[in-house]
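Visitor: In case you want the letters, here they are:
2 protein chains.
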Amino acid sequence: MKKIEIKTIFIKKRSWENLCVEGWIKFNRDNGKIIFLEINDGTTINNLQVTCKQENLCNFEQIKNYKFSSAIRVFGDLKPTNNQKTPWEILAKKIVFLKQASDFPVQNKQQTNEFLRNIAHLRIRTKFQQAIMKIRSELAFSIHDFFHRKGFSYVATPILTNNDCEGAGENFKIADDKNNPFFPTMTTLTVSGQLNAEAMSMGLKKVYTFGPTFRAERSHTHRHLAEFWMVEPEIAFCNLKDLMKIIEQMFKVIIKKTINKCQDEFNYLAQKTQKNMVATLQKLLASKFIRLSYKRAIDILKDACAKGQKFFDCDIFFGKDLAAEHEKYLCEVYFNCPIFLYDFPSEIKAFYMKQNKDNKTVAAVDLLVPGVGEIVGGSQREDDYEKIVKKCHQKNISLQPLQWYLDLRKYGYYKSAGFGMGFERILMFITGVDNIKDVIPFPRYEGYLKY
Amino acid sequence: MKKIEIKTIFIKKRSWENLCVEGWIKFNRDNGKIIFLEINDGTTINNLQVTCKQENLCNFEQIKNYKFSSAIRVFGDLKPTNNQKTPWEILAKKIVFLKQASDFPVQNKQQTNEFLRNIAHLRIRTKFQQAIMKIRSELAFSIHDFFHRKGFSYVATPILTNNDCEGAGENFKIADDKNNPFFPTMTTLTVSGQLNAEAMSMGLKKVYTFGPTFRAERSHTHRHLAEFWMVEPEIAFCNLKDLMKIIEQMFKVIIKKTINKCQDEFNYLAQKTQKNMVATLQKLLASKFIRLSYKRAIDILKDACAKGQKFFDCDIFFGKDLAAEHEKYLCEVYFNCPIFLYDFPSEIKAFYMKQNKDNKTVAAVDLLVPGVGEIVGGSQREDDYEKIVKKCHQKNISLQPLQWYLDLRKYGYYKSAGFGMGFERILMFITGVDNIKDVIPFPRYEGYLKY
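As you go down the protein sequences, you meet chains A and B in turn.
The end of the first sequence is residue 451 by our numbering, with every number in the run present.
The end of the second sequence is residue 1451 by our numbering, with every number in the run present.
Just chain A, with the same shape it has in the complex (with noise of 0.2 Å):
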């Protein structure tokens, strides 16, 4: 007897004699003489149909009862169906029950995403669950891989950390002992790992976190989480131009390979999500990314207006944070691809951006997509400790809490560029999945804490 896992039939789709396989039984049917199940052992999200005829098994009438999410183990012959649905199925010669399961609260009928998401810690037994979880694991593996082959270094920043990258102010506290204090400052969750991260890159050239970030904000949206996964790449010696090759590069190489790697999860999705979808990333992937000036964006908008386009808000003009109607005209309508929008007033973005030459506009880069918004948001630098302490002042950053990080500039700091892509964001953008709680196994969220 050869025990062998379900995914190994999937793969090697060949007939077998006196095979070993365990899993929990998904369907239980019968027409009185023989009985289907369908047993999965989450290796794959494909079921293998067990078929037991009463000849064969001298349990056969207890199989019958054998409920939903039960595990069992079959000995049995495998060989190919005429059922696309379940293409292969072992003829059972022996079954020996592993364990009951009670009233299981998912059976088969259609269950929805919300009702799942309050069992958390059951629904990964689902075959969407498990579509997205494995398409997760594959992407975040893609990303590993991409940047391992590039030469760039994995590096942990910490989370727990007294600087607020950000500056919003929506950071989470640690209750700390004020008597005996475990930590000698206020201790929040880190916003962003980017400050760490360039520090690292000025000794190891290219560097990336891949971890947990958090964000208190109260918003209750599909799009909105507390703790989500963040990768943030860094590079020294860096620039703009440069780092929007990488991004897309990046974009691209990550999701053709999960597509290639999850073709069975792919295909499940599209029936349940989006029928198109991996149509459309193709098409997305074989397509140029437009480079935009942010300048540009603001007379095509201009434009379009005076042609007539309705936007909610049609008061552009340069300075002006775009709201998502108009990047959605820009991506969607007027270019109909992905967009690199970058050099943005200095106004409106964050103070370690790099001042350009104009006096105006700071090296930074959003990508936007289509249907999705801005996915990808990165910048240059500002190398120059005299102008980044300026812009603090003008921000009214506060510098003590800095210091570390503007004093990298002292030592040889020439150039760096960097992005942070929300790792969930992307996952909602392949998998078609409009609540972002559904892509992550244990979403918190205001108010919600549960498993």
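Heads up, some of the hints might be wrong.
Stated by the list, open to error - According to the in silico footprint, chain A covers these stretches of chain B (three or more CB under 8 Å from chain A):
no.	region
1	1133-1140
2	1184-1198
3	1205-1212
4	1223-1233
5	1400-1409
6	1432-1446
Since the hints were derived computationally from the structure, they do not count as laboratory data.
Note that CB positions come from ideal geometry on N, CA and C, so glycine has one too.
Let chain A serve as the given structure and place chain B on it in line with the hints.
Guide: This is chain B only, laid out in the frame that chain A set:
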């Protein structure tokens, strides 16, 4: 002019005309007529020699004043030297000064690790930290690669949680707003992702986590951090025996790959930490790991005491939680090889471990390694709902916050086993670095939260 990274020079090992290289100055010395710079660009720990002759360079005199850590761009021809320390030199035709550095607090002279820890934002510019962090990155990738090849899914388990897996109570708490709480319950930072990983393994069979973990331990040892990274695999349908096989294989594969990928780094560290480090590791990788039951270990230790072995604590009995000196004796004296110590008395182990048939021991395992001690701890999980509830009562563990976890047992939880491995502990082990604060970029511990 071809622009390349210094790492490429050490991989290609060939002469090259008209190259362009950028990097930071690590040495600057001259004999009046010739200046010898050494530059490093972070892509390798190896420095490239830049040989500057007066007749070729109009800025020859200025170059003498370029300070340590300044950034330069060099154009010239590459050729081998006869010098083992800097086997490649570029004969400079032109040098562009990119960015001056102030007097750098870390010069080429030897600095203690204690001193460097207090400038953690700059220490990555030392060869010592470069080497460790490159090994760290390779080890992390080897771990992802190992589990990916084995069909494991990488799962994100939450950092913000309200369950305390180990029940040690040494967790960080989030300061929530009492009048308008963000989360409905007391919120802590995770001490382990195991409970959540178990839930995921019931849908994906083989999963692993790899992320930050927190302990508010007020212990100032060279082996403890408040924030550290853990790898926690979990495998459904797996028993303790199979788990040991997986641990042994993983341990050997990830270390072997890391050694092969980081030869320069290990050779350099060998001069700094332990001379025979790689040979010691190779020997360990070649040895078969011993399987030793706790019961037999007690017999061996009793016997040793009877024969005159001097332990600080010679009161050996079944039920005793062995001390480091006992593990050390077994591992380094009696067997002199890595040991899987398994089947511990239930009293000294966690509530979630599977009760063995003897009703006295649980299916737990520790991997002990010579020179390091316990490096991995794992167990088969209790799959019986009634038994695990009873164990919680015995150990005075509140059921309510764990109910979801216990409920996993109701739905076909046949078997599951997993382990936890402290990432920094493995790093200390393979690099020979004796302080855990030197193998993580920005260490966090009681009283310290800089950068």
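Visitor: Which numbered hints does this structure break?
Guide: none
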